[in-house]
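Engineer: Per the working numbering, the very first residue in the sequence shown carries number 11; after that it's consecutive.
One thing to keep in mind: the hints can contain errors.
Stated by the list, open to error - What follows is a set of in silico ranges between Cβ atoms, one per label pair, in the way DEER data are often shown: (1) Asp-70 x Asn-49: 17 to 25 Å; (2) Glu-131 x Pro-43: 19 to 27 Å; (3) His-137 x Glu-29: 16 to 24 Å; (4) Gln-13 x Leu-88: 34 to 42 Å; (5) Arg-129 x Gly-92: 34 to 42 Å; (6) Asp-70 x Pro-133: 37 to 45 Å; (7) Glu-37 x Leu-84: 13 to 21 Å.
Simulated from the structure, these hints should not be mistaken for laboratory data. Glycine included, C-beta positions come from ideal geometry on N, C-alpha and C.
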Amino acid sequence: MAQDPTRPNLRQVHLMHEELFTEVGEEGFEVAPGELGENITTRGVDLPALPTGTLPRLGDSAVLEVTGLRNPCLQIDLFQDGLLKQVVGRDEAGNIVRKAGIMSVVREGGVVRPGDTIRAELPSEPHRPLERV
């Protein structure tokens with residue numbers, strides 16, 4: 011929930027890459043689509059690598075705008091103890107790495123169905139890397 015009701019909600023739609031479920035599964039966690047709060051589960055799209063402002067086009071008409079990385083919270087550990095450490099870590103340089111998907115806003119509404127194609131329209135360069143929202 012926004013702390014300032016005059017600011018826009020940059021977290022309208024949460025997208026998660028299905029490949030994360032395999033990754034955490036290798037560490038002994040069982041996670042299925044939807045169980046981490048995501049609205050849309052993708053396959054074959056490197057979501058965390060998309061720049062801010064990317065327009066994912068879903069199905070025939072729905073368009074989102076990527077706003078940033080999901081900042082996972084302690085509720086993930088309430089779901090499965092220790093899972094939070096799997097979706098938030100550090101790289102070799104000590105920087106925080108957030109793997110729990112990306113957040114977006116709706117630009118054009120539409121019907122989205124399982125199996126729909128996702129096409130990512132990148133913004134003009136220079137691209138801005140995703141930050142937590």
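Engineer: Hint by hint, note whether the structure agrees.
Structural biologist: These are the hints, each one checked on the structure:
As the Cβ distance of Asp-70 to Asn-49 is approximately 18 Å, the hint placing it in 17 to 25 Å holds. About 24 Å separates the C-beta atoms of Glu-131 and Pro-43, a value consistent with the hinted range of 19 to 27 Å. Against the hinted window of 16 to 24 Å, the Cβ-Cβ separation of His-137 and Glu-29 comes to about 22 Å, which satisfies the hint. Distance hint check for Gln-13 and Leu-88: the Cβ-Cβ separation is about 22 Å, which falls outside the suggested range of 34 to 42 Å.
Separated by about 36 Å at the C-beta atoms, Arg-129 and Gly-92 satisfy the suggested range of 34 to 42 Å. Checked against the given bound of 37 to 45 Å, the beta carbons of Asp-70 and Pro-133, roughly 22 Å apart, lie outside it. Separated by about 18 Å at the C-beta atoms, Glu-37 and Leu-84 satisfy the suggested range of 13 to 21 Å.
The structure is inconsistent with the numbered hints 4 and 6, although it conforms to all the rest.
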